[in-house]
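Student: I would like the entire structure built from these sequences, with the hints used as guidance.
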Amino acid sequence: MSAGAAVPVGRERELGAVEQAVQSLSEGRSGVLLLAGEPGIGKTRLLRELVVRARAAGALTLYGRATEYERDRMFGLVVDALDDHVVAVGTSGVALPREADRELARILPSWGAGEETHPSRLREERHRGHWALRALLRALSEARPVLLALDDMHWADPASAQMLSYLLRHPVRERLLLAMAFRQEEVPPPLATELATAVRDGSARRLDIAPLSEQEAGGLFRPDLHPRARRRIYRDSGGNPFYLLELARASGESSGAAAILPHRPEVDAAAYADPVPPAVREAIAGELSALSPRARRLLDGAAVIGDPSGVDLAAIAADLDDDDALAALDELLAHTLVQPIAPARQFRFRHPIVRRAAYQAAGAGWRLGAHARAAEVLAAWGASSAVLAHHIEPSARPGDRDAVELLTRAGQEVASRDPATSAGWFQAALRLIPETARTSDHRRDLLLAAADSLRAAGRLEESRDCLRAALELAAPDRTSRVAVVVACAGLDYLLRRHTEALAILHETLDQIADPGSAEACQLRLAIGGILTWSDDQTAPRTWARNALAGGVHADDPALTVAALGLLSLGEWRMGSTGAAFEAIDTARGILAGLGDDRLSPRVDALTWLAFAEALSERVDDAIEHCHRALQIAQTTGQGHLLTAVLTALGYSLQWKGDVPGAISTYDDAIEVAHLTAVKETYVWAAGLRCYAATVAGDFAAAVRYGQRALQTIDSSAHLTTTAAGLFLAEAQLEAGDPHGCVDLVLATGGGPQLPRAELPDCPYWYEVLTRAELARGRVDAAGRWAERSAQSANNLGLPGRAGWASRARAGVCLAMGEAAAAVKLAQESAALLGLAGNPVEQARTRIVVGRALAAAGETALAVAELTDAEADLSRFGAYGYQQQAGRELRRLGQRERRRRPAGGGRATNNGRRIAADGRTAAQVAAFTDRELDVARLVRSGKSNREIAAALFLSEKTIEHHLTRIFAKLGVPSRAAAASILTRALTP
0 MSAGAAVPVG
10 RERELGAVEQ
20 AVQSLSEGRS
30 GVLLLAGEPG
40 IGKTRLLREL
50 VVRARAAGAL
60 TLYGRATEYE
70 RDRMFGLVVD
80 ALDDHVVAVG
90 TSGVALPREA
100 DRELARILPS
110 WGAGEETHPS
120 RLREERHRGH
130 WALRALLRAL
140 SEARPVLLAL
150 DDMHWADPAS
160 AQMLSYLLRH
170 PVRERLLLAM
180 AFRQEEVPPP
190 LATELATAVR
200 DGSARRLDIA
210 PLSEQEAGGL
220 FRPDLHPRAR
230 RRIYRDSGGN
240 PFYLLELARA
250 SGESSGAAAI
260 LPHRPEVDAA
270 AYADPVPPAV
280 REAIAGELSA
290 LSPRARRLLD
300 GAAVIGDPSG
310 VDLAAIAADL
320 DDDDALAALD
330 ELLAHTLVQP
340 IAPARQFRFR
350 HPIVRRAAYQ
360 AAGAGWRLGA
370 HARAAEVLAA
380 WGASSAVLAH
390 HIEPSARPGD
400 RDAVELLTRA
410 GQEVASRDPA
420 TSAGWFQAAL
430 RLIPETARTS
440 DHRRDLLLAA
450 ADSLRAAGRL
460 EESRDCLRAA
470 LELAAPDRTS
480 RVAVVVACAG
490 LDYLLRRHTE
500 ALAILHETLD
510 QIADPGSAEA
520 CQLRLAIGGI
530 LTWSDDQTAP
540 RTWARNALAG
550 GVHADDPALT
560 VAALGLLSLG
570 EWRMGSTGAA
580 FEAIDTARGI
590 LAGLGDDRLS
600 PRVDALTWLA
610 FAEALSERVD
620 DAIEHCHRAL
630 QIAQTTGQGH
640 LLTAVLTALG
650 YSLQWKGDVP
660 GAISTYDDAI
670 EVAHLTAVKE
680 TYVWAAGLRC
690 YAATVAGDFA
700 AAVRYGQRAL
710 QTIDSSAHLT
720 TTAAGLFLAE
730 AQLEAGDPHG
740 CVDLVLATGG
750 GPQLPRAELP
760 DCPYWYEVLT
770 RAELARGRVD
780 AAGRWAERSA
790 QSANNLGLPG
800 RAGWASRARA
810 GVCLAMGEAA
820 AAVKLAQESA
830 ALLGLAGNPV
840 EQARTRIVVG
850 RALAAAGETA
860 LAVAELTDAE
870 ADLSRFGAYG
880 YQQQAGRELR
890 RLGQRERRRR
900 PAGGGRATNN
910 GRRIAADGRT
920 AAQVAAFTDR
930 ELDVARLVRS
940 GKSNREIAAA
950 LFLSEKTIEH
960 HLTRIFAKLG
970 VPSRAAAASI
980 LTRALTP
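No gaps in the numbering here: position 88 of the sequence shown is 87 in numbering that gives the first Met the number 0, and each next residue is one more.
Treat each hint with caution, since some may be false.
[To be verified] The calculated DSS-like cross-link candidates involving lysine-lysine, where the alpha carbons are at most 27 Å apart (straight line), are: (1) Lys655 to Lys941; (2) Lys655 to Lys823; (3) Lys941 to Lys967.
[Said to hold, decoys possible] Ranges of calculated distance between the beta carbons of each label pair, as one might list FRET restraints: (4) Arg597 to Ala548: 38 to 44 Å; (5) Arg889 to Arg143: 40 to 46 Å; (6) Pro108 to Asp311: 33 to 39 Å; (7) His169 to His505: 38 to 44 Å; (8) Gly592 to Asp535: 48 to 54 Å; (9) Ala859 to Arg597: 27 to 33 Å; (10) Arg477 to Ala975: 43 to 49 Å; (11) Ala859 to Arg143: 33 to 39 Å; (12) Asp513 to Gln411: 33 to 39 Å; (13) Pro433 to Gln510: 50 to 56 Å; (14) Gln359 to Gln411: 31 to 37 Å.
These are calculated hints, taken from the structure and not from any lab test.
For every residue, glycine included, the Cβ atom is placed at its ideal position computed from N, Cα and C.
Tutor: Rendered as structure tokens:
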């Protein structure tokens, strides 16, 4: 603790928590400390105490504070915390992935230009910026422990709030302490949910700061103050330290005991609802009334400009010349209403409540002029539209075309990175446009722009309202109107208003005279798309056929591809795989001659088709179409289907054997779903993430994702919920709970017939039930489920499904002692799964082959089969199943995994290609298999704890492997190793 710093009065419990947090940070652990309470209660004083103690312990301390009237400044809280550090030390010593460097250049003003980032980054992909900021914090923590202290977090701008939510979901696991002070009632709801989840999960500690007792408050008064005066001030303050000090200051009865740390306020910000007691407001008003006119004007100008404020801009807002402004600043400093801060000519208010008092007392008319003066000079200085909009919005007059244009540009300027603020600027522009017929087109365009930004920001209800308002204005043509109707219906669906969604589509369809038009086809597809996830399994096929009956191929081939994609999904759900294949092949034939320019208005065409291909075991085609859909979406700015495309891509990658790639893709899909607040797509992504975590052997994460998916939508009959429940059931089985697995499969599947499950997926879920019953020792029940698996796989024409059925029967035969039959069925299963292009499931089945061979007395063959299966599963990142193979090998007396030989002219190890760049290739080729496993997880950003859990090793063992990896690469740190491994290891 620095010399002279006063210890907060009456906060022994809280100080103990602060000291404990600093001690944990010094020992290399991470954590989250939350300081919550009413305004003025002392949260910031404790936060600053944490900063002082962490700095004394050798930590890098980063402090940022949000402010009440600047919530439209993108990443304002994050920039306040990090940008000064970047200015001070630069970026040359921070080793980051290339993409992180590009993203940070878009967020932190002092980061530098960096390389040109993707020019068409979708607003739904803004989690990339969050990932980059996390990567920066992680890189900083490599050098020494880091404290990120964020004050007045309840006033965080939307972009910063989303960044904090991301950090809570993806914490830096080593040497980072995230501390936040806030007033609970003002925290944005999505962030409040993440805070509550972190506390509930035990990853965050929350301290609710209570008022001081009367005895504790006594330390803030003069020793000779009469007891009656003490009681009166304490009563009026309610034990709130800031209120108590303000009342004591007004009466000259403060002891001055609550010292203010250098250049920072001693307590936290006021509440947005301004619950300040009248006595405190009167005390502050009394201080303001004692100022000279010029000092009061400078104070008011600073309140308009922001906190902190520069004397030059505050003087312009206040309409003061330089000499008067400097004299006024001296007076404000003498009255302790403001405090000087670096750099020179900068100052901040003693407390946000003081700023609010000055801002509100300045008068609405005077504030208009001050904002206008600030905007004029900022425009002359070349400020961006977004910066100017902060002052234009409160000062512009209705009908001001220049102001409307500037606010529109501001909305467009920040749309990709901060859609919530973007929507605010569009709505501000709307308020300036008179509601006349002459401007209806402009109003409609702004309403549509605001709706798009609001949807991307996850404010679906407001987005829907804007779309409905746009519909009330005369549309320029039928095609545009239908597009808005479809968008409205989509939002109604996402808001769980299915009846309203279908009603507006049917109503609009009835109004179209030509049933064969492209608009009628589009409406039918929208109806079918909404019904795709309902219990009516025939509806998608019916509506897709109706859409195709219009014969729109010649006029709109992309629309025809969309209809064929939806039709193939509908046929697949009904088990009519032959018809699904036919629709897919027809769609592919049309796509072959269709350029992206013709396809761009219908990204959903590729999305539906990719889903159908992935589910039909045509994953190479699905991956091709997913990548094409992503490219078109990024080029055209269509991000509304991004989560759907990512989930289809992740499923296809997992099927192909790239489990780490699938996990990364699912994580992206989950983040997009979080940002856009779309529950259905979150459930899909989280359910599949549960599945991938099970394959990767991270059963705790699998259960967590599965449970969160089930808790998101309250309809147990919803198709997405059914899938998530089934994935969770298998996670429970692999985690050792076969009883819970059986119960959950039957509950979510709707009974033994599994009527809620997708028909072509039933072979797999019956195979899961077979394994669960075998784990429970119920061989007869397992046999019945295995027969159902075989029956449901018949006539599907899908080798993967047939392979699952054969594996189920092999397991039963093995349990019944029929080793020869088990060998035959398991080998058949492995061959079928290989034919389906699913190497993970094939290798997993080879474990059953090995077990059956061992039971048949063919130990050498069993060891060879299990050894290859273990190596393959490790190469695919399927560590859960790899461990199963390892256990079987140990039962046969085998301890070491066989090394695969290098070959092919490129250095290889453990089945993974290594970039042949000379020295690096040789270094990485020298890794042992286990070191390569660790290196791959280091490259993906895992902490030591996460790597240990994934590989079923101790953290000390992981540290040992890392030491050897660093030595072989010739690097001193994890960040440097990760940078090399990102380039050296190719999927």
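Student: For every hint, state whether the structure bears it out.
Tutor: Okay, the hints, checked on the actual structure:
1. Lys655 to Lys941: 23 Å, holds
2. Lys655 to Lys823: 25 Å, holds
3. Lys941 to Lys967: Holds, at roughly 20 Å.
4. Arg597 to Ala548: 38 to 44 Å: Violated: the Cβ-Cβ distance is about 22 Å, outside 38 to 44 Å.
5. Arg889 to Arg143: 40 to 46 Å: 42 Å, holds
6. Pro108 to Asp311: 33 to 39 Å: Because 19 Å falls outside the window, the suggested range is violated.
7. His169 to His505: 38 to 44 Å: Hint holds: Cβ distance 43 Å, inside 38 to 44 Å.
8. Gly592 to Asp535: 48 to 54 Å: 34 Å, violated
9. Ala859 to Arg597: 27 to 33 Å: 59 Å, violated
10. Arg477 to Ala975: 43 to 49 Å: 60 Å, violated
11. Ala859 to Arg143: 33 to 39 Å: 54 Å, violated
12. Asp513 to Gln411: 33 to 39 Å: 36 Å Cβ-Cβ, so the 33 to 39 Å window holds.
13. Pro433 to Gln510: 50 to 56 Å: Distance hint for Pro433, Gln510 is violated at roughly 30 Å.
14. Gln359 to Gln411: 31 to 37 Å: Hint holds: Cβ distance 32 Å, inside 31 to 37 Å.
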